[in-house]
Amino acid sequence: MPYAEGQSRGFRDRPGRDSWPAALREAGYHTATISSFADRHGARWWQAGFHELHDTGGRGFERADQVTPVILDWLDRQGATDQWFLHVNFWDVHTPYRTPSGFGAPFRDDPLPTWYDDALRQKHWTGAGPQGARERGGLGGGDDHAGRYPRQPFEIASMDDVRRMFDGYDTAIRYVDKHIDLIVSRLETLGVLDDTAIMVSSDHGETIGEFNIYGCHQLADHVTCRVPMIVRWPGVTDRPDSVRADGALRYHFDIAASVIEAASGSVPESWHGRSFELGPNGIGDTGRDDLVLSHLQGSCQRSLRFRRDQQEFICIRTYHDGYHGLPEAMLFDVGQDPHELHDLAEDRPDLVAWAFDRIEGWTRDHLEDGRPDPMATVLAEGGPPHARGALNGYLDRLRATGRSVWADHFETRTRPFCRPAFGSAGDAAVTPSQFSETHP
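Just so you know, numbering that gives the first Met the number 0 puts the end of the sequence shown at 439, numbered straight through with nothing missing.
Think of the hints as simulated: they come from the structure by calculation, not from any bench. Any given hint could turn out to be false.
[What the hints assert, rightly or not] Quick list of the computed label-pair ranges, beta carbon to beta carbon: (1) Pro105 / Ile229: 18 to 24 angstroms; (2) Trp114 / Met228: 22 to 28 angstroms; (3) Gly392 / Asp364: 25 to 31 angstroms; (4) Arg225 / Pro373: 36 to 42 angstroms.
We put the CB at the ideal spot given by N, CA and C, even for glycine.
Generate the whole structure from the sequences, applying the supplied hints.
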């Protein structure tokens, strides 16, 4: 979310000047979005820069078969014109998984992934945390969608539930793939497919069992922060020597900068996004040295994704764990352990210390004009929104379900994770004494 601009604001606000669609509009493109994202997340600023706004009305519970007709209708009216940018939003791969039953079970006979077994499921069953095996619907244990979506398990009480979880996700992807094919076919019918760049991406990854989290996003971890980027760009990706997957470290907003540049637009000066030179010769840069990643919804975390000695690491610093029962520091070799099963923090304190220093330095460098760090703001407000004010009720639930060890842990811990996040320059940091886990 953008910062308030204060007394210096002009007639047009910063999102209206500096958003991705605004930059494309300035480059001469007609911009449109077909999405209910702004309504679902109370983020009207996100719509800034679009000529056309089409809210499909389901607040994120639409299925692809309800969204695709709107897309095809727009293409029939606008698709044969020059210089347009259309953003569309499919929600099916977000929980609750809700692909129509008539689509069948295309993955029924596929084996489950080898990293997941019943021993891990049982460990999760005795564990704690929102979106976990016992709290799929949140810390209260309820689920407003239980029974309405047969493909979405309410609990992970057996390996059959695990199967439903993995198959529900994979089937949703397959279902959206079919609808993307309908869009591609319509572009071909309109005679503009070879003049249209197509990009498929996401706002976050999906945890399905990692850290005892089943669906959605809770942490600043590798699985959540690793998003897809699938591109079909005539004259670029169809070259025999074009880059397919170079493994470079890039932020998701680097994609936007690259598209603006490729469309002969100007990347806004306020952006931290950097073009990776998407052009006829493929990708023209080697990526970033490291990435600092943040999460403030299901937990308060910052992480550093980096390489060292030809290994791929992520180091996660937790300021508030959202009652997942996580330590302040975690380190994973995601090249060898992509599902983050083996924490190396105690074995490599040198890397943890270096990564923490890098995160703190990055944070200070990016506090623009003395504005507060969002991490400090959320901590001062009582921690991550999905866990805020929920501790007392969750302690009762943990004890009622035979998990008193976790209730005792959350009730008596000294809360080291509330150590400094950064305020504006010169401000005191948020400390445990300023923070209440029972904040209303």
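Cross-check of the supplied hints:
no.	hint	verdict
1	Pro105 / Ile229: 18 to 24 angstroms	20 angstroms, holds
2	Trp114 / Met228: 22 to 28 angstroms	24 angstroms, holds
3	Gly392 / Asp364: 25 to 31 angstroms	40 angstroms, violated
4	Arg225 / Pro373: 36 to 42 angstroms	22 angstroms, violated
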